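A.B. asks: Residue numbers (UniProt numbering), protein chains in the order written: chain A, 1 to 303; chain B, 1 to 303.
Be careful, since some hints might not be right.
The list treats identical chains as one, so a pair stands whether inside a single copy or across any two.
Dumping the calculated SDA-like pairs for lysine to any residue here, alpha-carbon to alpha-carbon at most 25 angstroms [unchecked claim]:
(1) Lys274 / Cys167
(2) Lys161 / Met139
(3) Lys218 / Ser125
(4) Lys224 / Met139
(5) Lys224 / Lys287
(6) Lys224 / Glu242
(7) Lys82 / Gln184
(8) Lys287 / Asp84
(9) Lys287 / Tyr199
(10) Lys277 / Leu88
(11) Lys224 / Thr204
In case anyone wonders, no lab produced these hints; they're calculated from the structure.
Given the structure is predicted, the values throughout are model-derived calculations rather than measurements.
One-letter residues, chain by chain:
2 protein chains.
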Amino acid sequence: MAAAPAAAPARALVSSSSSPSRGVHFCSGTSHPNLRAAAASASAPGWRRRDPAVSVAAGSAQSALGALAVDPKVDTLLDSVKWDSKGLAVAIAQNVDTGAILMQGFANKEALAKTISTKKATFFSRSRSSLWTKGETSMNFINVHDIFLDCDRDSIIYLGKPDGPTCHTGAETCYYTSVYDALQGSKPNEDRQVTITLYSLEDTISRRQEEATDGSGKPSWTKKLLLDNQLLCSKIREEAGELIQTLLENEDQSRTASEMADLLYHAMVLLRVKDVKMEEVLEVLRKRFSQSGIEEKASRNKS
Amino acid sequence: MAAAPAAAPARALVSSSSSPSRGVHFCSGTSHPNLRAAAASASAPGWRRRDPAVSVAAGSAQSALGALAVDPKVDTLLDSVKWDSKGLAVAIAQNVDTGAILMQGFANKEALAKTISTKKATFFSRSRSSLWTKGETSMNFINVHDIFLDCDRDSIIYLGKPDGPTCHTGAETCYYTSVYDALQGSKPNEDRQVTITLYSLEDTISRRQEEATDGSGKPSWTKKLLLDNQLLCSKIREEAGELIQTLLENEDQSRTASEMADLLYHAMVLLRVKDVKMEEVLEVLRKRFSQSGIEEKASRNKS
Chain A
1 MAAAPAAAPA RALVSSSSSP SRGVHFCSGT SHPNLRAAAA SASAPGWRRR DPAVSVAAGS
61 AQSALGALAV DPKVDTLLDS VKWDSKGLAV AIAQNVDTGA ILMQGFANKE ALAKTISTKK
121 ATFFSRSRSS LWTKGETSMN FINVHDIFLD CDRDSIIYLG KPDGPTCHTG AETCYYTSVY
181 DALQGSKPNE DRQVTITLYS LEDTISRRQE EATDGSGKPS WTKKLLLDNQ LLCSKIREEA
241 GELIQTLLEN EDQSRTASEM ADLLYHAMVL LRVKDVKMEE VLEVLRKRFS QSGIEEKASR
301 NKS
Chain B
1 MAAAPAAAPA RALVSSSSSP SRGVHFCSGT SHPNLRAAAA SASAPGWRRR DPAVSVAAGS
61 AQSALGALAV DPKVDTLLDS VKWDSKGLAV AIAQNVDTGA ILMQGFANKE ALAKTISTKK
121 ATFFSRSRSS LWTKGETSMN FINVHDIFLD CDRDSIIYLG KPDGPTCHTG AETCYYTSVY
181 DALQGSKPNE DRQVTITLYS LEDTISRRQE EATDGSGKPS WTKKLLLDNQ LLCSKIREEA
241 GELIQTLLEN EDQSRTASEM ADLLYHAMVL LRVKDVKMEE VLEVLRKRFS QSGIEEKASR
301 NKS
């Protein structure tokens, strides 16, 4: 009973047995710009690119789902998810480069199937009882690089790169209300995003630059560096030297961690002076890395 | 009506009007080691430490919740969350240093109240219909540094530092099943965690080191660096110099991002040689940063 794919409503995306190929394929007739973008994204060199056993044939965004042809492997995978009594699972969108949790919604089988095939984060709207692809109105799609299920297969991560702000308010993520700030009377503030350590540091350096510009705040080492390129450059050289020394002189691991922290911090001050975000640096690494490029480039430069 | 805290069932954690103080306080009689740890954690210098308007008086872990005394501000905050028809909201635990999504569960009012006060990630188990604090049996607590609500206040992030692996399988996170890997026939693999760019790079460098040790895989630049400390050190110096040059010679931003990527990659190879994780480096930064330490230390060293 459970093995009759065409009978189950959630299997409206029936198997396309004519396509044994791996890889995401879009019909050449794909005409809608969103789908063309999806196709371009899918065919571009990707990060840890895999070839999902999914083939997609669609003529427009509107009819894409109906025309999706899902491989039996996808069907089996969709069946392995522990959908709740409403046919849903939690779906969390995370920025592949920064780790920021962008938003959380719910997916049903169709939403996950569509995300697997189009690589655009797609959810099931409980209020509208319909599928929605994040970005279908704002054009701020979340371009999915990988999808993970949790150990009991009832929670999903869409790991991807957003085209722009994810929140409907225009904020980068939907999470900008700190409970502890709120308890101290602060109003939610879109500039006070949930941030992990690296980006908290980046935020602090940015604030110091604003203070250095308008003369507010206390004197600080960061401000001094921001205002003196020669000092900043000599510090970066010095910190690189101290990191190297921990290797050459076999210093202990805590010393290495500490010197790496120093180097990273000072280099991030330089990024601020140059108005470059860590996210851009990580994007460079991801792209090189996916092409084994960083190794090849470095090797090429040296040999 | 809505302002009568003691009347609502979810307000069993009644206000302790005798304690107008901010900050988390534990009774001196706190005897259970878990609570002592929570108290120690709460009183230690924290990252972006805030003083939640919560006071806690508890004699044991078991009785902690019953004895919790919650400030009216907390009560108001708890009421502002859009709990679903079962009184739940999605709660996602995220590693404050690495950004890794550790697990996802659900919280009810009591679970969120307990997390706010104890700073240990606490959930409501739908299967057992009871509160559970992650780590209460494994001792692998998730020590919460901040809590965020999303824009429509029905999704929660517990941003914290795990004491050890979060997943019941012993894996670092619960998300180790890649959908695209699964579609290519790979079995879930706890070593194949969901990872953002920085940690994917770290993983790749680790794999190259394993290959360099056992002689497997193709020759690569990373392996060459891993096996030659002098080469590695000269490259780090060189990349630091090239990053600096982008500032001194006013090169364009893409050049800065590219040189920073080079420096970060080469420095991460050194971390691998020294068996130091990026997470340790970020922990150093978080701790210094929370004490404004990095600035003060740097300033002290220089002046």
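A.B. asks: Hints first: check each against the structure and report whether it holds.
C.D. replies: Evaluation of the provided hints:
Proximity of Lys274 to Cys167 under the C-alpha cut-off of 25 angstroms is found in neither arrangement, the shortest distances being 28 angstroms within a copy and 41 angstroms between copies. For the homomeric pair Lys161 and Met139, the shortest alpha-carbon distance inside one copy (13 angstroms) is at most 25 angstroms, but the shortest distance between copies (35 angstroms) is not. Proximity of Lys218 and Ser125 under a CA criterion of 25 angstroms is satisfied in neither setting, with 48 angstroms inside one chain copy and 47 angstroms between copies. Taking the shortest Cα distances, Lys224 and Met139 never come within 25 angstroms of each other, neither inside one copy (41 angstroms) nor across copies (44 angstroms).
Taking identical chains as interchangeable, the C-alpha atoms of Lys224 and Lys287 lie at most 25 angstroms apart only when they sit on different chains, with a minimum of 21 angstroms there against 34 angstroms within one chain. In this assembly of identical chains, Lys224 and Glu242 lie within 25 angstroms of each other by CA distance both inside one copy and across copies; the values are 21 angstroms within and 22 angstroms between. Taking the shortest Cα distances, Lys82 and Gln184 sit within 25 angstroms of each other only across copies (20 angstroms), while inside one copy they are farther apart (40 angstroms). Taking CA atoms no more than 25 angstroms apart as the test, Lys287 paired with Asp84 passes in neither setting, with 37 angstroms inside one copy and 41 angstroms between copies.
With identical chains, the CA atoms of Lys287 and Tyr199 are at most 25 angstroms apart both within one copy (20 angstroms) and between copies (14 angstroms). Proximity of Lys277 and Leu88 under a CA criterion of 25 angstroms is satisfied in neither setting, with 36 angstroms inside one chain copy and 37 angstroms between copies. Proximity of Lys224 and Thr204 under a CA criterion of 25 angstroms is satisfied intra-copy only: 14 angstroms inside one chain copy versus 37 angstroms between copies.
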